[in-house]
Structure formats: structure tokens, C-alpha cells
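Colleague: Each chain, letter by letter, is given below.
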Amino acid sequence: MTKEEAFVAIIQEHEGVIYKITTVYTNSVSEQQDLYQDIVYQLWTAYDSFRNESKISTWMYRVALNTAFSRIRKEKRQPRAVTLDHLNIRQAEPYDKQFEERLQAMYEQIDQLNSLDKGLILLVLEGKKYEEIGEITGLSKTNVGTRISRIKERLRNKMTKKA
Amino acid sequence: MELEELQQVWTELSQEVEKQKKLNHKIIMEMTQQKYRRKFDKITRYETAGTVICILSAGFVLFNFDKLDTFFYQACGIFAIAFLVVLPTSVLLALRKIKAIDLINNPYKDTIVAYTKAKNRLLFLQRIGIFSSFIFFFVTLALTGKIMNDKDVFQETEIWYFIVLVLIGLLFFSRWGYRMYLKITGSAEDLIEDIKP
Chain A
1 MTKEEAFVAI
11 IQEHEGVIYK
21 ITTVYTNSVS
31 EQQDLYQDIV
41 YQLWTAYDSF
51 RNESKISTWM
61 YRVALNTAFS
71 RIRKEKRQPR
81 AVTLDHLNIR
91 QAEPYDKQFE
101 ERLQAMYEQI
111 DQLNSLDKGL
121 ILLVLEGKKY
131 EEIGEITGLS
141 KTNVGTRISR
151 IKERLRNKMT
161 KKA
Chain B
1 MELEELQQVW
11 TELSQEVEKQ
21 KKLNHKIIME
31 MTQQKYRRKF
41 DKITRYETAG
51 TVICILSAGF
61 VLFNFDKLDT
71 FFYQACGIFA
81 IAFLVVLPTS
91 VLLALRKIKA
101 IDLINNPYKD
111 TIVAYTKAKN
121 RLLFLQRIGI
131 FSSFIFFFVT
141 LALTGKIMND
151 KDVFQETEIW
161 YFIVLVLIGL
171 LFFSRWGYRM
181 YLKITGSAED
191 LIEDIKP
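Chains A and B supply the protein sequences, listed in that same order.
Quick note on the numbering used here: the first sequence kicks off at 1 and runs consecutively.
Quick note on the numbering used here: the second sequence kicks off at 1 and runs consecutively.
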């Protein structure tokens, strides 16, 4: 298998992960497509540096989240108009109405978090252990635990306020 | 929504996303190339708009060519038409060539050679454009005066204030434009450097 074939196989296997990350960090279809493209490009350029010291998924999350963070930093320097079109971009095919509503409620909750917390909650939702989250984000296991507890607390408080 | 509920929706979303996989080999590899091409998109848009204006202006000179009654004015007219058609078209072709470089399928060495060649051509055209635009400015003044008012504009004293001002503006604009090209080609070069095997 050539380098290119191996890379394509990895992307195909994990395309859902990239899709989910791009939906959390963008607000319009074009932004999502741009970020998706940026992530695939960064994964390709960083592919040679992947040394099998960590799991491929850990490496992918790290590169993808770093790409999303650096894009956010860049956008803060060059602010631009954002079209809020959350639901439309977050699905490739129509879902049933009930699921769509729950999905929108979930994105609304996640959207209220800052970019690092978004990444942390995304990794928790992906079922990652604190240790792996630490490996991906560069935070210590304890720090990850503390931050996630705070996020849970914030989500709970928001719910109470809403109720 | 509590974390447990978020988790449930996320799991359902993951299942849906898994069902909708749609990337193929070609799309994935094209994504790695898109970023390189996008570097030149903005400049291509500006150059295309500029080319349209230049072609229309060349048409205007050609349409009024019969008003150019001396050899000097006719030579100016031919120079202006050639400048307005050849240079922008060459720049667009050079941009097309640089964008068409295949970063994925070509061997790295070939990519570097092709890119360097295309970049040098593009920057060379820009330098020619900058130097000839100063001559073109005087030619345009002469032609405008002749076509619009049938007179020699250089005989009027006030025109020289205008000329000095425009020349200063042209100097700054040319430097800015050339630097923009240097920045774009430099950043595209960094991208190529990134894919070094």
C-alpha cells in the first residue's frame, strides 16, 4: 500500500470524526467545508510525522482540533460575517424531526462553550478517557478532569436557569 | 440538556454520520491540493476583472483608431492595444499554469521545478507590467487627449502636476501589487515545502 493509499484509507475510516469536529467549530456550510479541507490538508502534511507512538485516532483528533483552534485564532484577527445556519450544515441527509430538534438543542449547548471546552466536551462525547483527552489536548489528566467537571456544572446550571 | 443526554444524541449522530460516508480517494486527495489552488484564487479574480477592463479599453482605442492621424499617435495606439491585450492575458495564463501544478501525482522534484518556473514567469510578467505601465501612462494621456479632444495634452502646463501625482501613486501601487504577488507565491511555496517527502 502506498503512502497515499494508506492516508486515504485512514481518512475514509475516520471521516465521521472530521465531520463532527467541523460541525462543532463552524457556523455555515462554506466555513465547514473550508475547515474540513484544512483538516484533511493538515493531516496529509503531518502524516509523515505520525510515528505510531500514539493511536491514529489520537493523532487525528490532535491535528484536527489544532487546525480548528488556529482557524478560530485567525478569524479573531480577521473577523468576518457569520451566517448562523446550524441545522442545515449539520446534516448530509435529512433526519427525522424529533432527532433534528434534539440535535439542535445539543449544538446550542455546545456553542455556548469556549473553543477549548468545545474540544473537551467533543472528546468526552466521543467516549475518550481523560488520559487520551490529555494526550490529544496537551493538558494533564487532572486538569482535564477539573475542566470537564466545570463544563458539566455549567451545562447543569444552564439547564436549571432554562427550566 | 445534561451530559448524559448530550451523549445519547451524540451517539445517534455518530451512527447517522457513519451511515453517510461519502468521501472517495479522488475527493480526499483533491482536498490536499485545494488549499494550494485557493492561494491564487483571490488574485485571479482581481486579474480577471482587470483583464476585462483592459480588453474593453483596447476595444475603445481600436474603435477610435481612425482619429489617430499621425504616425506617432498610431504607434501609441498600437502600443496601447498590444499592452492592454497581451500583458493581462499573459498574466492570466501564467496564473492558470501555476494553479494547474499537480502537487499530489507529480514527483516532489518535478513539482518544485514546475513551480519555480511558473513562479518566475509570473513575477517576470509583473515586473514587465510595472515598468511598461509607466510608459503606458504617458501613451494613455496622449491617446485620451487626441481621441477625446483632438489636442496634445502635453502642451498644457497643469497636466504636469497631474502627471507627477499619478506617477507617485503608480509607484506605490506597483510596489504594493508586486509585494502581494511575492507574498502569495511565498506562501504557496511554504505549502509545497510542507509536502516534502
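Calculated directly from the structure, the hints in this document are not laboratory data.
All figures in this text were calculated on a predicted structure; none of them were measured in a lab.
Wrong hints could be hidden among the right ones.
[Claimed, not checked] Dumping the calculated EDC-like pairs for lysine to aspartate or glutamate here, alpha-carbon to alpha-carbon at most 16 Å:
hint: 1; chain 1: B; residue 1: Lys117; chain 2: B; residue 2: Asp102
hint: 2; chain 1: A; residue 1: Lys20; chain 2: B; residue 2: Glu16
hint: 3; chain 1: B; residue 1: Lys19; chain 2: A; residue 2: Asp96
hint: 4; chain 1: A; residue 1: Lys128; chain 2: B; residue 2: Glu4
Colleague: For Lys20 of chain A and Glu16 of chain B, compute the direct alpha-carbon distance and say whether it is at most 16 Å.
Modeller: Measuring from Cα to Cα gives roughly 11 Å; hence the hint holds.
Colleague: Does Lys128 of chain A pair with Glu4 of chain B here, judged by a C-alpha cut-off of 16 Å?
Modeller: holds (14 Å)
Colleague: Would the hint linking Lys117 of chain B and Asp102 of chain B be met if the CA-CA limit is 16 Å?
Modeller: holds (14 Å)
Colleague: Between the alpha carbons of Lys19 of chain B and Asp96 of chain A, is the straight-line distance 16 Å or under?
Modeller: holds (15 Å)
When the structure is compared with the earlier hints, no violation turns up for any of them.
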